[in-house]
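Colleague: All chains, full assembly: derive it from the sequences and hints.
Chain residues, written in single-letter form:
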Amino acid sequence: MKFSASQIAALLAGTVEGDPNVEVWNVAKIEEGAPGMLSFLANPKYTPYIYTTKSSVVIVNNDFVAKEPVTATLIRVDDAYASFAKLLAFYDAMANQKEGISSLAFVSSTAQCGENLYLGEFAFVGEHVVIGNHVKIYPQVYVGDGCVIGDDTVLYPGVRLYRNTVVGKRCVLHAGAVIGADGFGFAPQPDGHYEKIPQVGNVVIDDDVEVGANTTIDRSTMGSTRVHKGVKLDNLVHLAHNVEVGEHSALAAQVGVSGSTHLGKHCVVGGQSGFVGHLHIADGSKFGGQSGIMGSIKEANQEFMGTPIQPLRQYLVSNARFRHIDEMMRKIEALEQELSELKSKI
Amino acid sequence: MKFSASQIAALLAGTVEGDPNVEVWNVAKIEEGAPGMLSFLANPKYTPYIYTTKSSVVIVNNDFVAKEPVTATLIRVDDAYASFAKLLAFYDAMANQKEGISSLAFVSSTAQCGENLYLGEFAFVGEHVVIGNHVKIYPQVYVGDGCVIGDDTVLYPGVRLYRNTVVGKRCVLHAGAVIGADGFGFAPQPDGHYEKIPQVGNVVIDDDVEVGANTTIDRSTMGSTRVHKGVKLDNLVHLAHNVEVGEHSALAAQVGVSGSTHLGKHCVVGGQSGFVGHLHIADGSKFGGQSGIMGSIKEANQEFMGTPIQPLRQYLVSNARFRHIDEMMRKIEALEQELSELKSKI
Amino acid sequence: MKFSASQIAALLAGTVEGDPNVEVWNVAKIEEGAPGMLSFLANPKYTPYIYTTKSSVVIVNNDFVAKEPVTATLIRVDDAYASFAKLLAFYDAMANQKEGISSLAFVSSTAQCGENLYLGEFAFVGEHVVIGNHVKIYPQVYVGDGCVIGDDTVLYPGVRLYRNTVVGKRCVLHAGAVIGADGFGFAPQPDGHYEKIPQVGNVVIDDDVEVGANTTIDRSTMGSTRVHKGVKLDNLVHLAHNVEVGEHSALAAQVGVSGSTHLGKHCVVGGQSGFVGHLHIADGSKFGGQSGIMGSIKEANQEFMGTPIQPLRQYLVSNARFRHIDEMMRKIEALEQELSELKSKI
Chain A
3 MKFSASQIAA
13 LLAGTVEGDP
23 NVEVWNVAKI
33 EEGAPGMLSF
43 LANPKYTPYI
53 YTTKSSVVIV
63 NNDFVAKEPV
73 TATLIRVDDA
83 YASFAKLLAF
93 YDAMANQKEG
103 ISSLAFVSST
113 AQCGENLYLG
123 EFAFVGEHVV
133 IGNHVKIYPQ
143 VYVGDGCVIG
153 DDTVLYPGVR
163 LYRNTVVGKR
173 CVLHAGAVIG
183 ADGFGFAPQP
193 DGHYEKIPQV
203 GNVVIDDDVE
213 VGANTTIDRS
223 TMGSTRVHKG
233 VKLDNLVHLA
243 HNVEVGEHSA
253 LAAQVGVSGS
263 THLGKHCVVG
273 GQSGFVGHLH
283 IADGSKFGGQ
293 SGIMGSIKEA
303 NQEFMGTPIQ
313 PLRQYLVSNA
323 RFRHIDEMMR
333 KIEALEQELS
343 ELKSKI
Chain B
3 MKFSASQIAA
13 LLAGTVEGDP
23 NVEVWNVAKI
33 EEGAPGMLSF
43 LANPKYTPYI
53 YTTKSSVVIV
63 NNDFVAKEPV
73 TATLIRVDDA
83 YASFAKLLAF
93 YDAMANQKEG
103 ISSLAFVSST
113 AQCGENLYLG
123 EFAFVGEHVV
133 IGNHVKIYPQ
143 VYVGDGCVIG
153 DDTVLYPGVR
163 LYRNTVVGKR
173 CVLHAGAVIG
183 ADGFGFAPQP
193 DGHYEKIPQV
203 GNVVIDDDVE
213 VGANTTIDRS
223 TMGSTRVHKG
233 VKLDNLVHLA
243 HNVEVGEHSA
253 LAAQVGVSGS
263 THLGKHCVVG
273 GQSGFVGHLH
283 IADGSKFGGQ
293 SGIMGSIKEA
303 NQEFMGTPIQ
313 PLRQYLVSNA
323 RFRHIDEMMR
333 KIEALEQELS
343 ELKSKI
Chain C
3 MKFSASQIAA
13 LLAGTVEGDP
23 NVEVWNVAKI
33 EEGAPGMLSF
43 LANPKYTPYI
53 YTTKSSVVIV
63 NNDFVAKEPV
73 TATLIRVDDA
83 YASFAKLLAF
93 YDAMANQKEG
103 ISSLAFVSST
113 AQCGENLYLG
123 EFAFVGEHVV
133 IGNHVKIYPQ
143 VYVGDGCVIG
153 DDTVLYPGVR
163 LYRNTVVGKR
173 CVLHAGAVIG
183 ADGFGFAPQP
193 DGHYEKIPQV
203 GNVVIDDDVE
213 VGANTTIDRS
223 TMGSTRVHKG
233 VKLDNLVHLA
243 HNVEVGEHSA
253 LAAQVGVSGS
263 THLGKHCVVG
273 GQSGFVGHLH
283 IADGSKFGGQ
293 SGIMGSIKEA
303 NQEFMGTPIQ
313 PLRQYLVSNA
323 RFRHIDEMMR
333 KIEALEQELS
343 ELKSKI
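Residue numbers (our numbering), protein chains in the order written: chain A, 3 to 348; chain B, 3 to 348; chain C, 3 to 348.
Just so you know, the hints here were simulated from the structure itself, not pulled from any lab data. Relax, there's no trap hidden among the hints.
Identical copies go unnamed one by one, so any copy, or any two together, can satisfy a pair.
Simulated crosslink set (BS3-like; lysine-lysine; CA at most 25 Å straight-line): (1) 31 with 88; (2) 333 with 347; (3) 333 with 345; (4) 198 with 288; (5) 231 with 138; (6) 288 with 267; (7) 267 with 198; (8) 88 with 198; (9) 100 with 171; (10) 138 with 171; (11) 267 with 300; (12) 88 with 47.
Modeller: Written out as structure tokens, the structure is:
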């Protein structure tokens, strides 16, 4: 998609200074500009770049005064940063604009589809599925029997929803995410083999949730695995059966949460951290990357790190000491030696 | 799927007490009941809930005597817990009942398919594939050339079997599992680039194995990567080329096993643990979550934890001490000080 | 595929000793041979196995002199090891030989396809895609709008390229890899909810890169997430937005790299290691498995391990000490006791 400077100025209610017909098709930081790129200047620290940037168009604040010649076309607005953010959102929406139901998709006769559905090639929609309005289902997505998908939700290519999964409104599920596979439940038998415990629950994802690529969320044994409103999950995250993640919590890539653990609201979990099962984690808990959480946390808004976790401050001190553990041991040996010598003298 | 109380009672050879026509379509714990739910009461600790539960139907033991009015329809059986478990398995089987070969699937002309096959939309079955009886292949599955799939095995949507993969009977492979991708084998060259080492082996999965969503098992360089009978792998597990996992071992989510490492039988591996390559791990070894295993283990049935692993008991003691490492250092400094003062006195 | 001993000898310019018509269809180590297998003997240590191997054909050096009867057919060549490696590469190429555009694939009318394309069933190729020559796109692959794919590249089943992804020549992307999903960028708002930051950049993968199964590489916020020439990524690796991985670096399975971190050339990263964001890692850095890298590294060619990392030598010493931390504490307590007794005596 290409846009002219005048089209962009119209969108932002700004004024063009320079060639109104010059076109851009991508965005770049002002210091990394190139022909065809759109940049912005908001932070005065970056002002020198406006005289050297190769970007074709730069959005600037109304009060910007050039002190040297500028080759880029300028668009003057009240707030360059806010205008640029607005443009990005607009560009993103344009780039992801898709509509229509492909004749190469499969939709079961009992499925109900809302208005303005995009359903891509080789997508599968099972029995009794209910899909809201303005939903985008990319090619090769699997929507199992009895699933419910809220308005304005996007399922990227290869998302798999097992039967009876519920996804709220305005959710984004990235490619390869698997929602509703069987929980990992097996009963060990006296002879050492495992019997599978049927996993008959489902997964319920509330509104405004984002799920990263190849992330997996297992169905519960009974009841529902729950991901509450506004939760953000990065790529390759694992939520086991019967897990609950509270509103507006954010889990970075490769985090794993074992069965029946409940995270509170507004938690932030660093990448590759792991939780054992059956914990309760207080609201606002924060964990550094690679943390190992082996016990429940009752006090809200605390920060932790390490395996097993320690309060962040203590962890930092402990680790600083750990780097000197060899020296510690040598000090102890020296003390033993000295003390022994001292004793022999007395 | 809805079932009436009388249908359920017939299935369990139980007797109905209350409305035999009331219908249920899901299960819930008795304390979390709701209309349309089926619950059970076996543990006397939960008896008070039977008077308040909103579940429509509750399965109880024959000897249950109500001491207050009960609104739910009761089904009386010899063993409420066993009956409920039986129902779950029945429900699970019903929910996953699929059959027929979709006209939107692709099956190569040289493939051999057994009886009663379910082959979903947009599934691909390559040349010379051999599929047993009662196999379920969900939509969008890829079965590469020369694969063999045993009776009663289920491949959920988006499973990928590279060429020549062998899967036993009664296996369950969850969505997005990738079996048989090239092992990570590259020979570093003098100029610093890597030459790919051809990976011409395959993966052989024995009977009764479950493979979690988005788990990856690489083909061997030569011979076979082996997953033995009854092994259970959780989601996002990685088994590298030439790995072997012994019978009835269970690996939790996000575990990684490097090339040519052999795990014995009945091992249990906590989530996010990692094994370096070329190890031999004795039967019955158990590892806590996030363990780092860097050496072979010869003695069977031992428990370990930590990175690098220590025997579990030692790990727990070491970690308890680690929390006081700062105090240790301060004690050492105090001792040094005191000793120095003492010396000056003598 | 079956090959006769005489066909193999012709390919290797070798001479047959024994039955020239015996056929083989797979390869095995000489000590693990079986009928129908091809093996080789190069290392004299393995010579005894040639008299007992069950392999049908064995490649040997021209100067091999049998001292006992040999049942396998022999193929004599100048360099048995090099000949075997050549055969493996040949076999691998044969096994992966695919061609033609399936009538069950979808190709947008604006896509440009090079010569000799393999495009499998249920694959999707979006608008304005440009595909080079001799490219193999397996079934169920998704190539989003505006993607560019270089000559001789292979995309295995279920690979997903989001819009505008660029993949170089001779790359191999394994099944389930997701390239170009949105970076994990959200701006926390005063009321605690997150606003999505549009991710309008892309991913650029240079020539000769291999990407493992179910690995994820996120698109940048602006500009490009970059994977340079010759990089090898194992399975289930995560590269966040704006990450850069330098030429000929190798990342083992389940490694995670947080946003905007730049790895230099020729780095080697052990499995399950994690990098926090915004780091610069010097060329030739090496990290043991499960490392936690929390700071930039300026000096090239150093080895590290641990969380947080320490230089490898120091890590090994620290960990050896850590195993004795309980003993250290007890020594300190003993010293305190002794010193106290000593003081009381003076």
